[in-house]
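Trainee: Residue numbering for the sequence shown follows full-length UniProt numbering, starting at 1 and increasing by one per position.
Just so you know, the hints here were simulated from the structure itself, not pulled from any lab data.
Some hints could be false.
Unchecked claim - With a straight-line cut-off of 16 Å between C-alpha atoms, the simulated EDC-like cross-links for lysine to aspartate or glutamate are:
#	residue 1	residue 2
1	Lys177	Glu117
2	Lys263	Asp229
3	Lys225	Glu117
4	Lys58	Glu117
Just so you know, these numbers come straight off a predicted model, no measurement behind them.
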Amino acid sequence: MSPTIYTIILSSLATGTIITMTSHHWLLAWVGLEMNTLAIIPIISTMHHPRSTEAATKYFLTQAAASALILFSSMTNAWSSGSWDVTQTLTSPSHILLTMALAMKLGLAPVHFWLPEVIQGSTMTTAFIITTWQKLAPMSLIFMTMNNLSTTIFLLMGLLSSLIGGWGGLNQTQTRKIMAYSSIAHLGWMATVSSIMTNILIMNLLIYLVMTTSVFFSIIISKSKTIQDTASTWTLSPTLTIIMMLSLLSLGGLPPLTGFVPKWLVMEELILQGFNFMATMMALSSLLSLFFYLRLAYTTTLTLSPNTTQTKFKWRFYPNTSAVLLSMPATVSIFLLPLTPLIIL
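Please build the complete structure, drawing on both the sequences and the hints.
Mentor: Following this line, the structure appears as structure tokens:
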């Protein structure tokens with residue numbers, strides 16, 4: 001793809017998200033989501049391969065269905081209340097339709113099946129865009145309409161997502177699919193807290209974006225497509241292996257690192273609201289996710305893959321991706337825990 005076309009597509013992607021985030025009219029919000037979907041389709045199908053075509057088709061069908069549900073929800077609401085305002089109170093069938101549509105847009109369980117498949121069929125850079133930037137527009141709609149959405153459905157979907165995100169990732173060997181299930185699990189934590197305290201939702205989203213950026217850039221620079229590939233990362237750059245390990249452990253939510261902050265605050269809020277069983281189940285589900293993060297960290301840093309002496313190691317070519325892009329997210333995803341009191345205040 002030529003740089004000019006790529007720039008136009010990326011700017012359309014950004015414009016679509018910004019339109020959705022800043023709109024107060026349901027039609028404008030829908031237009032922004034459609035622009036977003038139509039801009040990412042050519043990016044997914046840049047590789048001329050049946051797998052990427054399949055991924056683009058799956059992405060288009062699910063996102064189109066979700067957008068149609070959002071439009072239908074807003075139309076039925078406008079029909080009964082006469083208002084197209086996003087922040088206005090929704091009628092009963094409309095808010096259930098909207099909840100399911102936004103869950104499908106994000107990839108929350110039980111409508112998550114498209115996410116791992118689409119990410120596996122894309123390039124690493126496209127997978128990075130889908131797991132980070134593409135979450136902003138639906139999350140902003142959740143933030144604006146949370147008072148009207150069903151709290152029970154969101155709590156149940158959040159718990160289910162964190163459990164499925166943990167279970168689904170256990171048996172994976174492809175780094176992209178692991179990151180897809182990691183995304184589902186993290187979105188589950190966000191969905192759980194969204195109906196209780198939106199401030200923690202925003203903080204959780206920002207920290208998730210930074211940590212995922214850090215891990216994805218590490219994977220892109222080391223060109224690790226499978227778990228076995230990560231075992232030879234040390235031949236490329238010993239520093240990168242340490243950064244990658246810490247970023248993965250941070251995604252897992254281990255205490256000295258940044259990833260512990262959102263889990264800690266979500267658990268605290270759930271217990272304050274009296275959802276003790278929910279908090280216990282969420283904590284247990286994070287152990288499932290921690291297992292595959294630890295497995296990746298182990299193969300990256302603590303072990304050598306079982307290779308023969310004839311195995312060719314990775315050539316130390318000059319990296320195509322600038323490591324400067326990795327430095328900031330990696331630092332934030334490792335060292336932010338001491339700033340938690342400032343974030344809370």
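Trainee: Decide, hint by hint, whether the structure agrees.
Mentor: Each hint, compared with the structure:
Note on Lys177 and Glu117: the hinted pairing holds, with a Cα-Cα distance of about 8 Å set against a maximum of 16 Å. A C-alpha spacing of about 30 Å is found between Lys263 and Asp229, which places the hinted pair above 16 Å, so the restraint is violated. For the given pair, Lys225 sits about 15 Å from Glu117 by alpha-carbon distance, which is consistent with the 16 Å threshold. At roughly 8 Å between alpha-carbon atoms, Lys58 and Glu117 fall within 16 Å of each other, so this suggested pair holds.
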